[in-house]
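Novice: As a plain string of letters, each chain reads:
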Amino acid sequence: MFRYVVKRTLAAVPLLLAVLTVSFFLVRLSPGSPFQREAELPEEVRASMEAAYGFDRPLPEQYVRYIGSALRGDFGTSFMYKDKPVREIIAEALPVSARIGLLAMGFSILVGVALGVMAAVKQNTLLDYATMTGIMAGKSIPPMVLAPVFVGVFALGLGWLPVAGWNDGAALNLVGPVVCLGLYDVAAIARLSRASLLEVIRNRYIQTARAKGLPEWRVVLGHALRESLCPLVTYLGPALSSILIGTVVVEQVFNIPGLGRYLVAAATNRDYTLVLGITTVACLLVVAFNVLSDLALAALDPRIRVQ
Amino acid sequence: MKNTAISARAQALERLLRNRIAMVSLAFLVVVGGLCFGAPLFSSYAWDALDFTFEALPPSREHWFGVDEMGRDLFARVLYGGRVSLSVGLITTAVSTLVGVSFGAIAGYFGGWFDALMMRFVDLMYALPSYFLILLVMVFFEVESIYVLFLVLALFQWLGMARIVRAQVLSLREREYVVAVRSCGAGHARVIFRHLIPNTLGVVAVYATMTVPGVMLQEAFLSFIGISFQAMGSDGVMKPVASWGSLVSEGAKVFETAPWLLAFPAAFFSLTLLAINFVGDGLRDALDPNMKV
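If you read the protein sequences in the order shown, they are chains G and S. Quick note: the first sequence uses the numbering used here, first residue 126, plus one each step. Quick note: the second sequence uses the numbering used here, first residue 600, plus one each step.
Because the hints were derived from the structure by calculation, they are not lab data. Honestly, I wouldn't trust all of these hints.
[Stated by the list, open to error] Just so you have them, the derived chain S footprint on chain G, three or more residues with Cβ under 8 Å:
| hint | segment |
| --- | --- |
| 1 | 139-147 |
| 2 | 274-287 |
| 3 | 376-389 |
| 4 | 393-400 |
| 5 | 403-410 |
From the three backbone atoms N, C-alpha and C, an ideal C-beta is built for every residue, glycine too.
Required output: the full structure, derived from the provided sequences and hints.
Specialist: Given below as structure tokens:
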């Protein structure tokens, strides 16, 4: 196991390097300097700003410096929020996004597995078809549609929830973002766990469990469920990326000061350093989560470690 | 007497025709596609024509879907926006399918270190978080042309297709008919493009169908973030193009005061995605009930 952990973690290093390299060249090869669009900057001022950011150095040196500072989490100063380092903005916004994201993931795993198991146990009944159709609908409603509709129904219409805002993470303020963010993965996870449970249930040991007279719910929960969850673990990586993408939309609609809202603000205002910082952090998170889900799978399934 | 020997293709077609949800979805897509691409026939307004009231108006007899806050007819905007969204979905999928199928088939056919090298490249690209890298490209290169968007989206879309086709070709190339074709003197290119790829088309069709909604969502995501594309307006001036994604994002901003501006584009967008997903499911069930995509 230890060897596998080391191997898998080291395999992520070239990937991280690739992410940083791609982002570096995107920035440096894009037309013009970021300071050119600041209207009519005097030549000396622009030169000194470029020097401050190290843009006057040769490209290889810039590259090495960039990788070094990115590894230290230093992305420079935001253009938009003057005098505020990108690192500080990310440090403030990341915990907010992480809170919503992790809750959404928990929500989608719980509800998704429950729905999937229900649909599998009652395969080919009305309940199964209804669940599967609902899941399909959940997959087809993008967060930018779901979130405003959710606000309209539960906040404006019924008045159960606050319309928007963070309010230091009060429970009621969290409900909307978490549900809207998690629903897409609920659909994906329910589909996966239904298919996987249906496959596992054909095994001989399930037949044995039934033969010794266990009630069906104990066969499913006690014997089949555990094995059927393995494919779900591999889905955790993709689930995180879909949550990262969704959070951009959801934070905007619910007005939550997380990474996503900063990203939208930075992209619309061409705040290059902030866009670069946030996307790099997001990329690193995705890579890290892929490694973590691989490790979790190896912990569950010994065959993978040996290969 | 009818011929009782039915080809596999005919059987698949029959299964598809019997699938009611898939057929209803297909009919829906044909209607929506017809409306969008034949927009001038159905709407007397241009997507960008202002009427200078500068007030959002609810649906009325003159404006079926109402008017947005710039005084533009929403029905026309939804139809023209659908054109853009559907084009993004279809063209990007077509480009990525072309690239993915060729890449995967070549890697799978030749095998060995060549295959390993090609697939390592795919693995690397696959592990990159495409949404965010695409966003970086769009922001830093200030892409305003929708044609560049097709290419940038396709850049990351072809990877899954390449993997699937490679896996298919790996098993197909061991078949006897391939040996037979080779012994008749067919070159590698002929074997790959005339004899191997046609046999993967079922899987390719299913996967391509499943790709379309994903691409349309990606475009919507970019629109939501505020990345807009320029197109020639009816007055010959370049202006931000409308797509279902951009209409939904605009509608979401004024949802409390003018809910119809969100409702109509959102309904078109979601129902179309749903229909494409159902058609994809139906195709998969028809071609191979055991297939996993």
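Novice: The structure should be examined with respect to each hint, and the outcome stated for every one.
Specialist: Against the structure, the hints:
{"no.": "1", "hint": "139-147", "verdict": "holds (count 5)"}
{"no.": "2", "hint": "274-287", "verdict": "holds (count 4)"}
{"no.": "3", "hint": "376-389", "verdict": "holds (count 4)"}
{"no.": "4", "hint": "393-400", "verdict": "holds (count 4)"}
{"no.": "5", "hint": "403-410", "verdict": "holds (count 3)"}
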